[in-house]
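So the protein sequences, as listed, match chains H and X. Start counting the first sequence at 1; every next residue gets the next number (the numbering used here). Start counting the second sequence at 1; every next residue gets the next number (the numbering used here).
FYI, nobody ran anything at the bench for these hints, they're computed from the structure. All of these numbers come straight from a predicted model, not from anything done at the bench. One thing to keep in mind: the hints can contain errors.
The list treats identical chains as interchangeable, and a pair is accepted whether it falls inside one copy or across any two copies.
Within a straight-line C-alpha distance of at most 27 Å, the following computed DSS-like cross-link-like pairs (lysine-lysine) qualify [what the hints assert, rightly or not]:
hint, residue 1, residue 2
1, K162, K69
2, K65, K162
3, K149, K185
4, K149, K246
5, K117, K149
2 protein chains.
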Amino acid sequence: MADTKWPGCSRGLKAVVLDMCGVLYDSQEGGVVAIPGSAEAVNRLMSSDLQLRFCTNETQASRDKFVAKLQTAGFDISASRVFSPAPAAAAVLRERGLRPHLLVHDGLLTEFDSVDKTNPNCVVIGDAAENFSYQNLNDAFRVLTGLEKPLLLSLGQGRYYKETNGLSLDVGVYMKALEYACDLKAEVIGKPSPMFFQSVLNDMGLQPHEVLMIGDDLVNDVGGAQNCGMKGIQVRTGKYRPSDEKHPTVTADGTVDNLTQAVDMILSQRGG
Amino acid sequence: MADTKWPGCSRGLKAVVLDMCGVLYDSQEGGVVAIPGSAEAVNRLMSSDLQLRFCTNETQASRDKFVAKLQTAGFDISASRVFSPAPAAAAVLRERGLRPHLLVHDGLLTEFDSVDKTNPNCVVIGDAAENFSYQNLNDAFRVLTGLEKPLLLSLGQGRYYKETNGLSLDVGVYMKALEYACDLKAEVIGKPSPMFFQSVLNDMGLQPHEVLMIGDDLVNDVGGAQNCGMKGIQVRTGKYRPSDEKHPTVTADGTVDNLTQAVDMILSQRGG
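Model the full assembly from the supplied sequences, consistent with the hints where possible.
Written as structure tokens, this is what we have:
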């Protein structure tokens with residue numbers, strides 16, 4: 001492990017937050033494939049005295065369906081531990097009296113069942129994948145240009161994610177498209193938004209320096225967590241690229257081959 | 001005409017360059033609708049001693065088909081006077097030995113018949129409209145990420161254009177999407193690229209101060225022409241918005257209600 005940087009913060013550690021896609025599994029059309037050893041690594045963390053939460057920008061399925069899908073891949077994770085952008089967005093919409101025009105994946109629609117969608121006064125976009133047709137993007141654009149104060153909420157700002165058959169465009173790409181079309185700046189709900197990380201800390205009742213984030217996305221997972229005062233570790237799975245280790249603005253507190261190695265390091269430093 | 005600013009440059013003027021969509025016509029699904037008086041205004045310019053060229057970022061049809069479509073709306077314009085991005089791009093591709101992956105409208109494909117498209121080493125995008133599906137944008141993205149030096153050529157960088165049933169997203173929106181996805185900067189072929197305006201000046205053998213550009217797009221027509229040393233006039237038709245007259249960085253040399261009024265001003269100042 002000569003090339004494994006590690007923050008040496010494990011002794012005071014009280015919780016670990018795990019990104020999901022690229023750390024636990026790789027996604028493929030309609031399903032997930034576990035990264036070898038990751039389900040066991042999750043179980044070891046659950047059996048430890050550390051708190052554990054999951055923080056994902058997944059917006060292709062409702063949280064319940066998403067957790068059920070993970071069950072089939074061997075992950076025994078309860079929905080209450082999973083933080084994802086859609087429930088957070090639904091709460092924001094209700095609090096602020098916003099009525100969204102939704103451009104999201106069909107599987108996500110149920111998350112917004114309780115939200116008034118008549119006469120929209122904002123647009124919400126998620127990782128809509130095939131729903132990102134020209135017609136649908138144009139419809140969202142026309143809603144925005146028809147508003148006195150155009151407001152775009154984006155469920156994450158990722159550039160792309162890895163599927164088993166290659167890289168696929170993520171919601172951030174379409175966020176940038178609408179930002180340019182309407183000359184506005186979107187509000188991001190999800191990683192790397194500080195509000196989103198803070199909601200996970202609040203749920204655990206912990207301070208940021210007590211928590212370690214582990215993810216495959218250097219900017220959104222590692223950098224986002226660091227901006228909140230947490231430590232951030234990158235795994236060399238998922239969308240990791242060697243160039244990440246020479247990134248101009250974000251430097252991980254540690255880089256490990258996979259989640260198994262990360263958990264080995266965490267638990268061994270705690271004498272676990 | 002109290003609110004009509006005018007540059008007072010008409011006496012030394014040797015040529016006029018006209019933008020097309022929004023100045024001559026409004027587009028609607030599959031066709032064009034002439035802006036009242038514009039065909040006659042074009043004829044008056046043709047009968048004058050001024051040179052006349054047309055400069056469009058239209059990339060939904062080949063130049064020949066486009067000119068034929070304008071004929072049906074009453075415009076008698078020869079293809080040799082029309083400058084559009086696709087023929088310019090095809091020339092650039094051949095000169096630089098580039099083999100494009102094309103993401104363009106079906107109607108534009110014939111412009112690239114003479115270009116080698118095997119084993120692509122760049123991506124060319126135009127106003128592909130319905131062809132901007134998630135699948136097609138993802139395919140273009142994957143070509144770019146597979147290249148050692150990703151190169152994206154964009155046929156214009158417009159945000160949107162006006163159709164009779166509302167505003168529609170233009171190629172620039174998808175250019176920004178791919179720029180963000182691939183962390184690159186596209187090369188723009190078409191307005192407001194200085195090279196593109198210069199090719200029109202070269203064709204006429206004139207200096208920029210001898211030429212007046214008239215368009216409805218403040219940034220791409222007026223600003224682009226001004227950046228080349230030409231004067232730029234905006235018409236209050238097409239995509240014109242009142243906020244254009246208070247734009248933070250681009251100020252037109254004149255603003256007129258429509259092409260008819262612009263031609264009145266030009267010819268009256270010349271004693272025509």
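So, going through the hints one by one against the coordinates:
1. Only within a single protomer do K162 and K69 lie at most 27 Å apart by alpha-carbon distance; the minimum there is 17 Å, versus 44 Å between protomers.
2. Taking the closest pair of Cα atoms, K65 and K162 come within 27 Å of each other only inside a single copy of the chain (20 Å); across copies the shortest separation is 41 Å, beyond that limit.
3. In this assembly of identical chains, the alpha carbons of K149 and K185 lie at most 27 Å apart only when taken from the same copy (12 Å versus 29 Å across copies).
4. For the identical chains of this complex, K149 and K246 are inter-copy neighbours only, at 18 Å across copies versus 40 Å inside a copy, given an alpha-carbon limit of 27 Å.
5. Taking the shortest alpha-carbon separations for K117 and K149, only the intra-copy value of 17 Å comes in at or below 27 Å, while the best inter-copy value is 44 Å.
Figure legend: structure checked against the earlier numbered hints; every hint is met.
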